[in-house]
Amino acid sequence: MTPQLFSAARVLDTPQAFVIAMAVYAFLGCIVNWPMKTCWRHVAMSLFFLRLCSYPPFCRRFWPAAIHGNCAFHRVICRSIPYWCRYREKDVVAQLIAALNRLNWPRSKLDIKLVCEKDDYETIAAIRCNTMPSNFELVLVPSGGPRTKPKALNYALQFARGEIVAVFDAEDRPHPDQLLEAWQAFRQGGSKLACVQAPLIIGNFRRNLLTRMFAFEYAVLFRGLLPWLARRGLVIPLGGTSNHFRRSCLEQVGGWDAYNVTEDADLGMRLARFGYRIDVISRGTIEDAPEEHGVWHRQRTRWIKGDADMAGAWPPADEHLARAWLVAFRREPDLYARHHRFGAAAPADAAHAGRALPAHGVRAADTQGLWLLALDVINILMAYMSFHMLGAKTMEPTELGGYAYFLAIPIYWVLISLSAWRAVWQLVRQPHLWEKTRTSQTCF
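230 is the number of the first residue of the sequence shown in the numbering used here; add one for each residue after it.
Since the hints were derived computationally from the structure, they do not count as laboratory data. Cβ coordinates follow ideal geometry from the N, Cα and C atoms, glycine included. Among these hints, one or two may not hold up.
[Claimed, not checked] Derived SDA-like pairs: lysine to any residue, alpha-carbon spacing no greater than 20 Å straight-line:
{"no.": "1", "residue 1": "319", "residue 2": "362"}
{"no.": "2", "residue 1": "338", "residue 2": "437"}
{"no.": "3", "residue 1": "622", "residue 2": "362"}
{"no.": "4", "residue 1": "347", "residue 2": "368"}
{"no.": "5", "residue 1": "338", "residue 2": "414"}
{"no.": "6", "residue 1": "347", "residue 2": "413"}
{"no.": "7", "residue 1": "338", "residue 2": "319"}
[Unchecked claim] Per label pair, the in silico range of CB-to-CB distance:
{"no.": "8", "residue 1": "606", "residue 2": "347", "range": "17 to 23 Å"}
{"no.": "9", "residue 1": "363", "residue 2": "640", "range": "25 to 31 Å"}
{"no.": "10", "residue 1": "369", "residue 2": "626", "range": "31 to 37 Å"}
{"no.": "11", "residue 1": "420", "residue 2": "610", "range": "28 to 34 Å"}
{"no.": "12", "residue 1": "658", "residue 2": "418", "range": "40 to 46 Å"}
{"no.": "13", "residue 1": "607", "residue 2": "481", "range": "32 to 38 Å"}
{"no.": "14", "residue 1": "664", "residue 2": "327", "range": "53 to 59 Å"}
{"no.": "15", "residue 1": "610", "residue 2": "657", "range": "19 to 25 Å"}
{"no.": "16", "residue 1": "327", "residue 2": "372", "range": "27 to 33 Å"}
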């Protein structure tokens with residue numbers, strides 16, 4: 230169970246709410262009473278953001294070399310337990326079982342749990358209609374409490390029989406050798422390696438522009454930023470699937486936070502707080518992106534809300550966390566840019582530039598305003614180019630679709646900004662709401 234000190238069950242305590250309110254009032258007061266000081270703060274924040282944009286595009290691709298399967302591994306490994314957490318996913322049951330049967334791992338040492346909510350009758354019936362090997366087990370999660378994926382995972386963990394725990398979603402199609410590569414990484418990584426993350430690859434990226442941008446964003450994150458952070462030993466925000474955990478480490482940090490709707494990023498931070506490392510592997514998992522804006526919007530709202538919830542849940546006086554943040558900031562601050570989820574800053578800069586440009590075209594003597602405008606424009610262009618260059622470097626040639634990505638980035642950031650504002654509203658009214666996002670079923 231996640232320690233209460235780190236749980237998101239309580240979003241904000243009284244001191245945190247007071248500090249946030251005072252910060253808002255102070256910011257508004259500075260704008261009204263001390264415009265010059267506010268201007269310099271604007272410059273400082275803009276330069277900080279400019280630094281965040283300056284590193285990844287010029288870095289090499291940091292994917293680890295693929296580890297090929299070896300039959301000799303099979304004689305010494307312990308059981309690995311993939312979990313497929315699912316709710317109302319009856320349409321992908323056949324695809325799920327086929328993907329599980331393709332895993333390159335001896336069945337005698339593979340314990341598979343299909344995790345369902347107890348009242349998800351359609352999915353349960355679909356699973357029971359399929360013939361499954363003896364190493365499959367259906368785990369029914371009792372109703373009550375927060376209906377979230379981390380709650381289901383915590384419940385199912387007590388039935389696990391292995392030393393390595395892997396988590397997948399219902400529609401995932403992992404590479405057959407992914408478990409082998411994860412196990413080899415644990416053998417070589419030492420006892421402090423608590424988790425390895427496999428890259429997530431979008432399989433339906435050709436459906437429309439939204440799925441193409443989603444695939445582009447995932448390439449930036451899983452094939453660019455995360456390997457880059459791992460090579461520097463920095464804190465890694467985990468993805469919600471294709472995580473492989475050393476079970477002893479997972480239990481020591483308290484498992485998943487049942488109240489956090491982005492339990493993956495929270496768990497990555499908690500592992501780092503307890504002194505553990507996270508690494509990446511190269512054998513990926515194919516999954517599907519939302520094809521409709523409404524589905525994408527709900528999913529992105531949950532992601533941003535969970536990240537904000539995580540920030541509020543961590544104790545403000547945590548010495549270990551403060552030290553980790555300080556080291557990361559001094560070395561490479563890109564971890565906290567998280568521009569795959571917080572693209573709201575760039576539209577704000579764009580709005581300021583668009584508003585200021587006509588005015589300064591008339592009042593050319595306002596040099597201070599022109600410098601601020603130039604800084605905002607540089608920030609916009611740097612963010613734009615760094616995001617595009619990193620995505621173009623990490624995607625395969627068959628995935629790139631001409632100039633569609635390059636031209637659609639500003640629109641995509643505006644959509645993220647809208648989701649961010651919705652996340653702020655939900656954080657106040659419905660902090661633990663897990664909005665179900667259904668994805669399409671693509672061919673294997």
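### Query
Checked against the structure, which of the hints given earlier come out wrong?
Hints 2, 3, 6, 7, 8, 9, 10, 11, 13, 14 and 15 contradicted; others consistent.
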